[in-house]
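Listed below are the residues making up each chain.
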Amino acid sequence: MKKVFKPAVAAAAVSLALIAPQTFAADQFFPIPSYRVGAYGANGQAFYGGFIDYLNYVNLKEKGVNGVNLTWEECETEYNNAKGVECYERLKGKAKESAGPIHTMSTGISYALIDKSAQDKLPLAMMGYGRTDAVDGSVFPYAFPLVTTYQMQASAIVKFIKDKNGGNLAGKKIVYLYHDSAYGKEAIIAMEAEASLNKFTLVQIPVAHPGNEQNAQWLKIRQEKPDYVVFWGWGVMNQTALKAAQKVGFPRDKMIGSWWTGSEEDVIPAGDAAKGYMAATWNVAGKQVPVIADIEKVVYGAGKGNLQDKGKIGTVLYNRGVSAAVLSVEAIRKGQEKYGKGKPLNGEQMRWALENLNITEARLKQVGATDLLPEIKTSCDNHEGSGKVKIQQWDGAKWVPVSGWIEGNKALIHPLFQASAKQYAKEKGITPRDCSKEK
Amino acid sequence: MEFFFEVLIGGLLSGVMYALVALGFVLIYKASGVFNFAQGAMVYLAALSVVGIMEWGAPLWLAVILAFAIMTAFGIGTEKFVLRKLVNQPPIALFMATIGLTFFIEGLAPMIFGSDPRALDIGIVDEPIPYILDNWNMVISKFDLIAAGVAAVLVTVLALFFQYTRIGRALRAVADDHQAALSIGIPLQHIWAIVWGVAGFVALVAGMMWGARNGVQFALTFTALKALPVLILGGFTSVPGAIVGGLIIGASEKLAEIYIPPVMQDLFGGNFGGIEGWFPYVLALLFLLVRPEGLFGEKHIDRV
Amino acid sequence: MLYREAGQFKTTYAADQQLFPIRQDRIGLIALLAVAFLGVPMFASEYWFSAILIPFLIFSLAALGLNILTGYAGQLSLGTAAFMAVGAYAAYNFQLRVEGIPILVSFICAGLTAAGVGILFGLPSLRIKGFYLAVATLAAQFFIVWCLTKFPWLSNNSSSGVISAHNIEILGYAFNTPRDKYLLVLAIVVLLALAAKNMVRSTTGRAWMAVRDMDVAASVIGIRLMRTKLLAFAVSSFYCGVAGALYAYCYLGSVEPDGFSLDMSFRILFMVIIGGVGSILGSFLGAAFILLLPIFLDILLPFFAGLFGLPFSSATVSHIQIMVFGALIMFFLIVEPHGLARLWQIAKEKLRLWPFPH
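Chains as they are written, first to last, in the UniProt record's numbering: chain U, 1 to 439; chain W, 1 to 304; chain R, 1 to 358.
Hint data in this document are derived by calculation from the structure and do not stem from the laboratory.
On a predicted model such as this, the values are computed, not experimentally measured, just so you know.
Glycine included, C-beta positions come from ideal geometry on N, C-alpha and C.
Some hints could be false.
As the list claims (entries may be wrong) - Pulled from the structure, derived: some chain W residues nowhere near chain U, Cβ distances all over 12 Å:
id : residue
1  : N135
2  : A175
3  : R291
Said to hold, decoys possible - Think about it this way: if two alpha-carbon atoms lie no more than 30 Å apart in a straight line, the pair counts; the simulated BS3-like pairs of lysine-lysine are:
id : chain 1 : residue 1 : chain 2 : residue 2
4  : W       : K142      : U       : K254
5  : R       : K10       : R       : K348
6  : U       : K225      : W       : K142
Work out the full structure: start from the sequences and follow the hints.
Set out below in structure tokens:
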């Protein structure tokens with residue numbers, strides 16, 4: 001008999017843990033479907049470490065947002081779509097009263113959550129990944145591809161190259177080397193549009209997942225002799241590409257990657273081969289950013305740091321996690337202005353806040369987050385809010401910004417989103433909101 | 001034409017890298033009939049041990065020796081705690097056990113040594129050889145050539161080991177027939193422990209080569225996927241088969257990646273690159289239709 | 001005492017040949033179905049529906065499909081997820097391109113499409129056996145996923161290759177809530193499971209088992225190998241295809257080809273082997289085990305870490321979860337290589353005598 005009961009007791013304990021409300025009414029709860037193991041675990045550790053450290057920082061430094069304590073619960077998704085959905089459903093139950101924006105840091109998971117989150121009225125933040133046509137908030141009220149999207153990024157990278165070449169790209173050749181998945185394919189449409197606008201030749205070369213072998217692709221690049229390689233990799237594909245570029249003697253300072261190819265985790269394993277390589281980002285690296293230094297002092301000083309390895313503080317992805325948290329907290333402030341100071345926001349209120357963000361340079365300076373984010377102003381028909389990136393370069397030891405904020409060609413790219421969102425609305429039978437009526 | 005040869009040679013050299021991983025599979029399958037899916041994870045564990053120990057302050061040579069010790073201990077442990085208890089079970093159960101082992105390693109290794117991708121510097125730069133580049137305008141990597149040399153040495157050593165040492169003969173006997181080997185007094189379990197140790201050593205070599213090439217990180221476990229088509233092409237039980245299979249797969253996959261997508265593009269429109277993921281498998285599959293036991297595999301005779 | 005066949009006389013052939021010849025089994029099954037159809041919808045929360053029950057049923061169906069192929073016909077396959085992908089994308093395209101097609105017909109067509117693809121990739125099984133075949137099925141895994149990424153027509157020219165499932169409407173009733181979807185999936189899975197149960201004891205099923213046990217011997221006694229093996233591939237892929245369509249339509253909502261990864265194929269194979277090779281019930285038990293285990297670990301480990309004040313970081317907990325998952329799989333294989341279904345069988349034997357020792 002005893003044997004039979006053990007699992008039953010465990011099950012009861014588990015279901016209790018599932019049901020028991022862990023948040024108090026005055027807490028702002030963040031559901032965090034994070035990942036720290038598997039092929040991309042190192043990236044997740046840095047990002048979510050930064051995210052949670054900042055939430056802790058706000059709690060320690062100013063006792064929460066206007067007195068509202070920030071709480072959160074993590075769930076390991078392993079960067080796997082099905083597990084991500086399970087995590088979301090599990091965390092959802094606790095996010096009824098109050099819900100911060102959900103950051104999944106996975107394009108696949110955010111795709112799977114788009115419909116669900118809209119149904120559950122929980123805002124889904126996709127900072128630099130996910131479904132990019134959600135920029136059109138009239139069709140996707142609860143999805144926010146905040147700061148900037150793959151397409152705008154591609155456009156900004158092209159602009160950066162153009163500026164380097166005296167404003168003229170006609171007759172140049174650019175290779176677009178990409179991870180052959182939803183992530184890599186998103187930017188093609190923008191690259192093609194830019195190519196026909198700026199009259200450069202575009203050569204697209206896909207790399208099969210996981211991308212740990214790129215000899216053939218780089219020999220092809222050597223044969224094509226492009227002026228630049230724009231590079232959309234993820235995980236091991238990044239180091240392999242840098243090494244392979246070295247192998248065929250392609251200059252690394254003619255390679256410009258997306259923001260998921262430009263972190264320490266991506267270049268350090270490639271050793272010297274990465275020197276000179278450039279990548280886009282919306283947040284700079286380093287501890288010279290005041291808020292990062294302060295987090296180290298306040299949060300780690302109090303022994304509440306989330307990272308085991310303090311060396312990750314100030315890395316690109318750590319700072320990106322902080323930037324995501326800064327943005328989320330700023331949204332909470334904005335929401336509290338409307339719905340009452342000192343009260344937590346539920347999903348619907350959070351959604352309004354994210355849609356009415358206005359983070360200025362002055363405000364960023366106030367919170368010590370200058371250069372962690374560009375200025376952001378969102379609205380119903382623009383869930384992106386910025387579209388700006390910086391280009392940074394790896395000098396062999398650290399990432400150094402080599403440009404100011406560069407904005408992608410909005411007039412060229414945003415209509416693409418609207419067209420795609422319209423198609424989605426038609427397929428799904430969604431009636432878009434009328435943005436002119438939203439305040 | 002120059003380009004063709006460049007791709008061909010690059011492919012052959014990549015193939016050697018695949019063969020390095022495939023060798024580990026062959027060794028274990030040959031001696032115990034276990035299709036050890038954990039070989040990829042073992043490659044990861046080995047490489048991670050090396051960089052992890054180096055991070056604790058040990059020099060490269062010491063780290064390699066310690067990593068070898070870890071791999072051997074791990075192999076013996078696997079034999080003792082898992083495989084020995086699964087003797088006489090259907091092959092699929094053993095196969096699944098090795099997948100369980102894969103998960104175990106994938107959790108264990110980064111927990112001990114950290115999951116950050118790291119560089120492994122073994123003192124060879126992955127750059128084109130200037131002489132060939134200047135005279136023939138071809139890119140041949142120094143690193144790949146050395147890797148090929150390492151593989152050649154490894155195969156020769158293994159072949160000699162199997163052919164001429166006492167243990168090697170015992171191994172072959174066990175591979176031929178477990179029961180017959182037992183009945184003439186060959187200690188089966190020692191032999192298996194040794195095989196797992198040797199496979200660990202091969203994983204270490206493969207891990208260091210791949211790690212130096214792409215960085216030491218979780219993705220090293222994916223190297224197994226590159227090794228599987230090599231394995232079916234060369235035969236599960238043949239050491240030279242792994243090398244020949246590797247060469248064929250490497251070369252054909254690179255040539256296919258370069259020359260097939262443009263043809264398909266003409267036919268269907270659109271971009272058809274990235275066929276490397278499946279091409280080796282389909283090639284191996286087609287090959288198997290002609291020779292179901294692989295190039296050098298042992299012919300299997302069915303008896304009712 | 002409770003579970004006794006004595007006294008249940010069969011007086012007609014029909015009674016002797018029915019699907020569940022023992023009365024207690026029938027009662028148990030009816031009770032189980034009543035709970036599943038009536039009890040569960042009344043009490044389960046949304047979390048249970050959309051995070052546990054629906055994926056459990058869908059993966060059970062996929063595992064069932066694989067079990068037909070591997071457990072009954074003896075052909076090891078590592079390409080299950082790819083056949084699910086075929087099902088998902090086929091259902092999407094039938095819905096999209098055939099005007100006014102009922103969704104259930106789309107699901108059936110999706111299954112049939114997957115069956116066709118399955119036959120194609122089953123052809124090598126006529127020549128290749130064992131692990132060679134397993135690795136060869138990897139060709140299906142990678143090739144199919146690649147095709148779905150490369151032919152934009154298949155995903156209605158979506159720039160990312162991701163498809164979003166249509167709304168489900170049957171006879172004017174919209175299946176929107178997780179509970180509705182659960183009931184739909186449950187009905188389909190129950191039907192197909194009963195069909196499978198029936199099939200494996202028919203001539204076809206017996207032929208499969210003969211081939212599994214020794215195909216040379218089977219061909220000697222007059223079983224046509226080609227037909228039998230290909231039929232196994234077709235039926236198995238049909239099940240996987242339907243499971244894939246349900247996966248897209250009732251579970252995730254939008255899917256990308258890369259989501260149907262090798263990892264998923266392995267997961268389904270795990271379910272079959274942990275559950276019990278060659279057992280319909282085993283597919284369900286295995287799916288439950290493999291799906292629930294990580295969730296249990298996920299909740300229990302941090303709980304215990306907190307209880308004993310262990311200084312585990314989030315990363316360490318995640319790593320330990322994976323380790324425990326792997327270790328438990330090895331443990332189960334060692335303790336009961338024939339799977340959970342075998343445990344159930346042993347339990348039944350015991351029940352037959354209980355409460356008496358003999």
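Here's how the hints hold up against the structure:
At the 12 Å boundary, the C-beta of N135 (chain W) stays outside the reach of chain U, the nearest C-beta of that chain being 15 Å off. A cut-off of 12 Å between C-beta atoms confirms that A175 (chain W) is not in contact with chain U; the least separation is 31 Å. At roughly 26 Å from the closest C-beta of chain U, the C-beta of R291 (chain W) stays outside 12 Å, upholding its exclusion from the interface. For the proposed pair K142 (chain W) and K254 (chain U), the alpha carbon gap of about 23 Å is at most 30 Å, so the pair holds.
For a cut-off of 30 Å, the pair hint linking K10 (chain R) to K348 (chain R) stands: about 21 Å separates their Cα positions. Between K225 (chain U) and K142 (chain W) the alpha-carbon distance is near 22 Å, which keeps this suggested pair within the 30 Å criterion.
Violated hints for the displayed structure: none, as all numbered hints are satisfied.
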